[in-house]
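Note that the protein sequences, when read in sequence, are chains A and B.
Sequential numbering of the first sequence, starting at 1, is according to the working numbering.
Sequential numbering of the second sequence, starting at 1, is according to the working numbering.
Since the hints were made in silico from the structure, they are not lab data.
Computed from a predicted model, the values in this text were never measured in an experiment.
Please note that a few of the clues may not be correct.
Only pairs whose alpha carbons sit at most 25 Å apart, straight line, appear in this in silico DSS-like list of lysine-lysine [what the hints assert, rightly or not]:
#: 1; chain 1: A; residue 1: Lys7; chain 2: B; residue 2: Lys128
#: 2; chain 1: B; residue 1: Lys231; chain 2: A; residue 2: Lys7
#: 3; chain 1: A; residue 1: Lys264; chain 2: B; residue 2: Lys87
#: 4; chain 1: A; residue 1: Lys50; chain 2: B; residue 2: Lys231
Cβ-Cβ distance ranges computed for the label pairs, FRET-style [claimed, not checked]:
#: 5; chain 1: A; residue 1: Ala54; chain 2: B; residue 2: Thr91; range: 39 to 47 Å
#: 6; chain 1: A; residue 1: Ile248; chain 2: B; residue 2: Val166; range: 19 to 27 Å
#: 7; chain 1: A; residue 1: Asp160; chain 2: B; residue 2: Leu88; range: 55 to 63 Å
#: 8; chain 1: B; residue 1: Val25; chain 2: A; residue 2: Ala54; range: 34 to 42 Å
#: 9; chain 1: B; residue 1: Thr274; chain 2: A; residue 2: Ser48; range: 38 to 46 Å
#: 10; chain 1: A; residue 1: Ala17; chain 2: B; residue 2: Ala67; range: 54 to 62 Å
#: 11; chain 1: B; residue 1: Ser31; chain 2: A; residue 2: Ala180; range: 15 to 23 Å
#: 12; chain 1: B; residue 1: Trp12; chain 2: A; residue 2: Gln132; range: 20 to 28 Å
Idealized CB from N, CA, C, for every residue including glycine.
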Amino acid sequence: MKGDRSKAVTLWTFVIAALVMLSAPTLVVLGASFTAGNMITFPPEGLSLKWYAAIAGATDLRDAFLRSVIVATICTAISIPTGTLAGIALAKYRVRFVAGVQVYLLLPFTIPLIGSGIGLMLIFGKWGLLGQLWPVGVACAVINLPFMIWAVTASAASLDPDLELAAANCGAPPLSTFLAVTIPAVTPGIITGALLMFILALNEFLVSLLLVDARIVTLPVQIYNSIRSIITPDLAAISVVFIAVAAIAIALLDWLVGLDIFLKSK
Amino acid sequence: MRPSRTSYPLSWRLMDALEAVAAAVWPRSFSAAVPWLMLLPAVVLVGLLVLGLWDMADGSFRTLDTATFLPSDDYSLTNYHRAFTEKLFFTVASRSLIGSLIVTAVTLIFAFPYSYVMVRTRSAALRKFLLIALFLPFFIGQVVRAYGWLIILGSQGMVNEALGLVGVAPIRLLYNYPAVLFGLVQYMLPFAVLMLAPALTAIPEEMEAAAGSLGANWVRTFIHVVLPLAKPGFIGAGLVVMTLSLTDFAIPAILGGGSQDFIANAIYDQFFRTSDQGMGATLALLLVAVGSIMVGVVFALFGAGTLAMGRSK
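Go ahead and model the full structure; you've got the sequences and the hints to work with.
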């Protein structure tokens, strides 16, 4: 084909620029966390693990991290059943008013996060729930629910309705059919969705910022508050925790369902 | 002799019991309502948002009583009038709107080649590498990424130190509009690529080969074949990037340093600095309205693109 070379050069120019843009902050945070100095400088003043020792001793950071994990766990526990059932219902049945239901279930996605966060803050405040952790988990489940539903509907598309009929034909009652045929068919979607929900809730910043008070800050809020004062390497070290969790999640995702799932067309 | 019932595995008996309970609670005659029952938890969860919106609507009609610092009891449209007439809100709104348009355009320009190479490459290793490079920042979260940019672009950051080595005086790279837009593009790239990729996968490679064999060079093939066929992906990606960047809080707050507030920052300030809940609720509702109208118009014109959930048509 004509001009294959210019095509490759043009495409790769953009791809490399994008790669640099995507990876630079991660690599720099990783590098900064190993500095031996008290400030982040370039080139770094030697290598050390002293900032990791520092964060291991910092109870406020450790507590904030634990709170983030609790929030993410609650969010995932709520969204797995909720999103799975809704996703299967949307993919499998001819629901009446389906367009309306879709628009409604897309609300968490179309309503800007600041709007959702403030709305939830107002009603949780009215019900006297602010100052606790579990409402933050519920809030994360609400705002990220479309991701779970998308993941499940995407894999439910590959579910052949004949399989369920076959199971029924062999005498399986509805619940058994659901548990033995339907659920296994959408399992890749459930795993993808659950991982996404966990990671998104672990990283959730704005809604956490609105719903927590000084006693129960989550880790992203803690980092945000500290950035405002001064940039010290202990923040880089604690940020590496996020990088490590993200790397583990990607490895899990790749191992369990394969990253290529995101390239499939519906 | 027929084995006694008790010799069945425990799981069978458990399932039988569950089936009996399910049949008693939800007889077959209700089966038409099964999908609705399955949707119920999601509907309830999203209902929290609707309640929140309702509360905001109520608050938006109450002005702040400057004597008691409590919202007024009577309703008025004062907040809405202020939102449309005060210069501060106009500045912030136009800054966010123009910013999100620029961010959308730039992000799509970078996202298209990235997803194209990722989808079309023959090397599985390269594809995996590109996917990992995409997911890592996506999974790390905005605050940590913004922190990375602070280290790179700060007045004693990497870029300025490097410039210093060649004798250039430090430049202010942070806390200005381009820094915020740059941060937003970086934040949005994974979203855009992930929404574009399925649309590109759906385009048969033979189409491009056919265009090539008919004498089109790669630029014309892109313009006349690939881009039109990828339209649903572009719509989905553009929509997501635009609404997310229009309404973002963390990047303008951290990389803008308070001088480059977007709408979300203005809303936050109304609640937590000025304590004018009514005004904050008004701005938030207007933002919700703008976002929903944008999504609605695009859906009405082009369909839901890759955002549709449910049955594939």
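Here is how each hint holds up against the structure:
For the suggested pair lysine 7(A) and lysine 128(B), the alpha carbons sit about 22 Å apart, so the restraint of at most 25 Å is met. Between the alpha carbons of lysine 231(B) and lysine 7(A) the distance comes to roughly 21 Å, so the proposed pair stays at or under 25 Å and holds. Distance check on the hinted pair: lysine 264(A) and lysine 87(B) sit about 47 Å apart at the alpha-carbon level, beyond 25 Å; violated. The suggested pairing of lysine 50(A) with lysine 231(B) is violated, with an alpha-carbon distance near 51 Å, which exceeds 25 Å.
Distance hint for alanine 54(A) and threonine 91(B): a CB-CB separation of about 42 Å, consistent with the stated range 39 to 47 Å. Checking the proposed 19 to 27 Å range against isoleucine 248(A) and valine 166(B) shows it is violated: the Cβ atoms sit about 40 Å from each other. At roughly 58 Å, the beta-carbon separation of aspartate 160(A) and leucine 88(B) lies within the given 55 to 63 Å, and the hint holds. In this structure the hint that valine 25(B) and alanine 54(A) lie 34 to 42 Å apart at CB is violated, the actual value being about 56 Å.
The hinted window of 38 to 46 Å between threonine 274(B) and serine 48(A) holds, with their beta carbons roughly 45 Å apart. The beta-carbon spacing between alanine 17(A) and alanine 67(B), approximately 56 Å, falls within the hinted interval of 54 to 62 Å. Our hint of 15 to 23 Å for serine 31(B) and alanine 180(A) holds, since their Cβ atoms are close to 19 Å apart. Between tryptophan 12(B) and glutamine 132(A) the C-beta distance comes to about 42 Å, which lies outside the given range of 20 to 28 Å.
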